[in-house]
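Trainee: With the hints as your guide, set chain B onto chain A.
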Amino acid sequence: MNYKLTEEQELIKQMVREFAETEVKPIAAEIDKNHRFPVETMEKLKDLSLMGVIIPEEYGGTGADSISYMIVIEELSRACASTGIIVATHISLCCYPIFKYGTEEQKQKYLTPLASGEKLGAFCLTEPGAGTDAAAQLTTAVLDGDHYVLNGSKCFITNGGYADTFIVMAMTDKSKGTKGISAFIVEKDFPGFSVGQSEDKLGIKGSSTTEIIFKDCRVPKENILGAESQGFKIAMHSLDVGRIGVGAQALGIAQACLDESIKYAKERQQFGKPIGSFQAIQWILADMATKIQCSRHLIYHAAWLKENNLPFSAEAAMAKLYASETAMEASVKAIQIHGGHGYTTNYPVERFFRDAKITEIYEGTSEVMKMVIAGNLLR
Amino acid sequence: MKKIVACYKWVVDEADIRVEGKARSLNFDRIKYKISEYDRNAIEVGASFNEKQGCQFLAVTCGANVEASLKDVLSRGPESIAYVNDGALEETDSSVTSKVLAGIIKKIGEVDLVICGEGSSDGYSQQVGPRLAALLGYASVTFVNKLELTEDGIRAERKLEDGVEVVELTGPAVVTVLPDINKPRIPSLKQILAAKKKTSEKLELAAIGLDSLALKQKTLDVSGTVMERKNIQINSGGMTIEEAAQKLVQQLKADGSLA
Chain A
1 MNYKLTEEQE LIKQMVREFA ETEVKPIAAE IDKNHRFPVE TMEKLKDLSL
51 MGVIIPEEYG GTGADSISYM IVIEELSRAC ASTGIIVATH ISLCCYPIFK
101 YGTEEQKQKY LTPLASGEKL GAFCLTEPGA GTDAAAQLTT AVLDGDHYVL
151 NGSKCFITNG GYADTFIVMA MTDKSKGTKG ISAFIVEKDF PGFSVGQSED
201 KLGIKGSSTT EIIFKDCRVP KENILGAESQ GFKIAMHSLD VGRIGVGAQA
251 LGIAQACLDE SIKYAKERQQ FGKPIGSFQA IQWILADMAT KIQCSRHLIY
301 HAAWLKENNL PFSAEAAMAK LYASETAMEA SVKAIQIHGG HGYTTNYPVE
351 RFFRDAKITE IYEGTSEVMK MVIAGNLLR
Chain B
1 MKKIVACYKW VVDEADIRVE GKARSLNFDR IKYKISEYDR NAIEVGASFN
51 EKQGCQFLAV TCGANVEASL KDVLSRGPES IAYVNDGALE ETDSSVTSKV
101 LAGIIKKIGE VDLVICGEGS SDGYSQQVGP RLAALLGYAS VTFVNKLELT
151 EDGIRAERKL EDGVEVVELT GPAVVTVLPD INKPRIPSLK QILAAKKKTS
201 EKLELAAIGL DSLALKQKTL DVSGTVMERK NIQINSGGMT IEEAAQKLVQ
251 QLKADGSLA
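Chains A and B are the protein sequences, given in the same order.
Per my numbering, residue 1 is the first one in the first sequence, and the count goes up by one each step.
Per my numbering, residue 1 is the first one in the second sequence, and the count goes up by one each step.
In case anyone wonders, no lab produced these hints; they're calculated from the structure.
Just so we're clear, the structure is a prediction, and the values are computed from it rather than from any experiment.
Every clue listed holds true.
Here are the simulated DSSO-like pairs of lysine-lysine, each with C-alpha atoms no more than 30 Å apart in a straight line:
{"#": "1", "chain 1": "B", "residue 1": "LYS52", "chain 2": "B", "residue 2": "LYS202"}
{"#": "2", "chain 1": "B", "residue 1": "LYS190", "chain 2": "A", "residue 2": "LYS13"}
{"#": "3", "chain 1": "A", "residue 1": "LYS44", "chain 2": "B", "residue 2": "LYS183"}
{"#": "4", "chain 1": "B", "residue 1": "LYS198", "chain 2": "A", "residue 2": "LYS44"}
{"#": "5", "chain 1": "A", "residue 1": "LYS13", "chain 2": "B", "residue 2": "LYS52"}
{"#": "6", "chain 1": "B", "residue 1": "LYS32", "chain 2": "A", "residue 2": "LYS266"}
{"#": "7", "chain 1": "A", "residue 1": "LYS13", "chain 2": "B", "residue 2": "LYS32"}
{"#": "8", "chain 1": "B", "residue 1": "LYS34", "chain 2": "A", "residue 2": "LYS44"}
{"#": "9", "chain 1": "A", "residue 1": "LYS263", "chain 2": "B", "residue 2": "LYS183"}
Sample of chain A residues facing chain B (criterion: CB under 8 Å; computed from the structure):
{"#": "10", "residue": "GLU7"}
{"#": "11", "residue": "GLU8"}
{"#": "12", "residue": "LEU11"}
{"#": "13", "residue": "MET15"}
{"#": "14", "residue": "PHE19"}
{"#": "15", "residue": "LEU48"}
{"#": "16", "residue": "LEU50"}
{"#": "17", "residue": "VAL53"}
{"#": "18", "residue": "THR62"}
For each residue, glycine too, the CB sits at the ideal point set by N, CA and C.
If we strip away everything but chain B, and leave its shape as in the complex, we get:
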């Protein structure tokens, strides 16, 4: 029986962040947290392998405030969650996150397949999956929008800018998935209520061999961006398409968007 792990990040729901004043500072007063969007796809992949092919399916996460996520995630299919909840992880970068997650996954042991979302809803660095693969010594497969298990590995379809690549590999792998790989489930009321009967394992940083966390990246300031619109109407006078196209080209040249 294959052992599959999905990694997820518990992120601020961007809909609750308010951009305030001319300084565009961010107000986090009334924020709620959620499972990072693409990680819901990663969890769904694992849940589906668990239900259809009887794989063992676990979830892992880390952060400073992840305990609030456990029931939500457990209602979506994993049999259990192994996690690190530590104030030291209040601010992390992909290097630290991947080290912690790799530590948890090694502790679980004998994991055949690790699934991550392609990028997180907040940082979207797209680095955790590949870094994790390097740390675990697993193969790394990114941009996956179709995934099958084979007898001794996986077969994945990668959606790339210039086409689709199909890869087959043997041995353990870390796969990062795109949102069109599946439609994450809405858990049923039964699944939500059953989540409390499932178990989670809290691990300390020391238990996974990490005593100090050296952040390579520090966030100095965060502010909102506002898209400035010029509200230029190209075809407001009902001109012909040809005339409108010419006017658009002139405008784009004037703006420096076209050479």
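Same shape as in the complex, but just chain A:
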């Protein structure tokens, strides 16, 4: 048992924090206001080798451990939750499944440019009629000679408008339900692939969320990820990694709420004293800090299990459930501490509030997290 970050992890935290403070935070409000994907940040993330944190060096990554990955996402999200999820989606849901299930050729061709940050990745599972109920997929993949032909559409795809490489789930055998789903590596330039409408969202407005449309989209046979019918398993395992990533994103948002609240509580004077001298404010801060610390331990523990090749689905679900609800609560309280100012865009806490909400929804809602946890308890 060791609760101390390693020297390397400390340095990574220091490095990402410095980068986030100087390069990410200063544009966070602007990209939110203008719904602008931060292309300039992508180039810098590539230079800092942050786009393939957990992928081995031989495939373009850095081979850092899973806790370092959590630190990277937390620190980026503390400055800008949109940037946090762009990176977390790219790594957890596109780089990772190719690393885990891809052939050597697929890794050379797709993973290396993704993990080195040359290309951006996305993950297509959700459909208009298939959210939590992933088995209700309508997108189909039919083998035709050397190609699979994909038809259907996906929605709420993070990085949709800017990604080069997509992991796509499609039905190869509808009669088998989830066991009939297969996963494919799809390039944005494949014939029949197109990006549909962009969503106008409540928060994480700097991230791109779009519809993806497949119209007789021809995908080479060798681009199937894993074996046919393995898609659901690949998706669920990738989402376990995704969930600790979203947990870390929520943790970053919650930490930002606390940091801003402490700063404001020290500065803001009422009745001739800083509001932080009142117990009403102190108790809110104490509760926030305690829940944030709990979230961090849950996330690091789930990441540690993953790092040690131990089962971590339930722990990932617990981490995401707790961290996302903590982020939501912390953002509500942060606005309360800021009073009327917190309700305006003059302070960042209203953005944290809008950004926090999605962490309770995507990559499995809080209710799904409880299903996963309970399923593990009762089996």
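Mentor: Leaving out everything else, chain B in the frame of chain A:
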């Protein structure tokens, strides 16, 4: 190939020091350490010469607790670090520090250029660079905000109070740099992970010919300063600039700030 050495100091991060009570005593309970700010600029100068001109680039440091700094510094460009870590260096002054650093640099041997930050984040005595130059018998160039290597020396731009001086010199030198000479890098994740593959050489004081350290300066007490503000608003009533200026002059005279 030129051999370049950057000196750095591992200092308390001043953001973590708390000033407590009326005595203004300093609480160091939760302090962390960092590379002294301007030394990051010095390291960046060396890293840049290493990458762009293929110079050999090493770092040196000394102190009582410097081993925690090694990976951080190695991730910023030096090929290796030579250092003295000794409890006797718990408290030092610029005289002792420069003797130890000179000893390490002599041990490395044939160093063409030594780069230091203009002053440290804690003491800011600005003495280590010039003292080091004297001990090594090198030229000393301070307040440098631009630096180039020439075939047999350096060309440096010194930012002085009353202007800019450009100097050229041949032979080895100790240069102290100002923060605007460059923007120190944020090391990449790859550079951080690669730091563990680099080597560091620990030297004992005896190995560099220093058996006893005679401190010329002893710190007796440290306390925080608090800036007292009077909160006088000169233009609170919306008066004209002329009136406000007159009021300000009166106030400054009353305070004894203006004769």
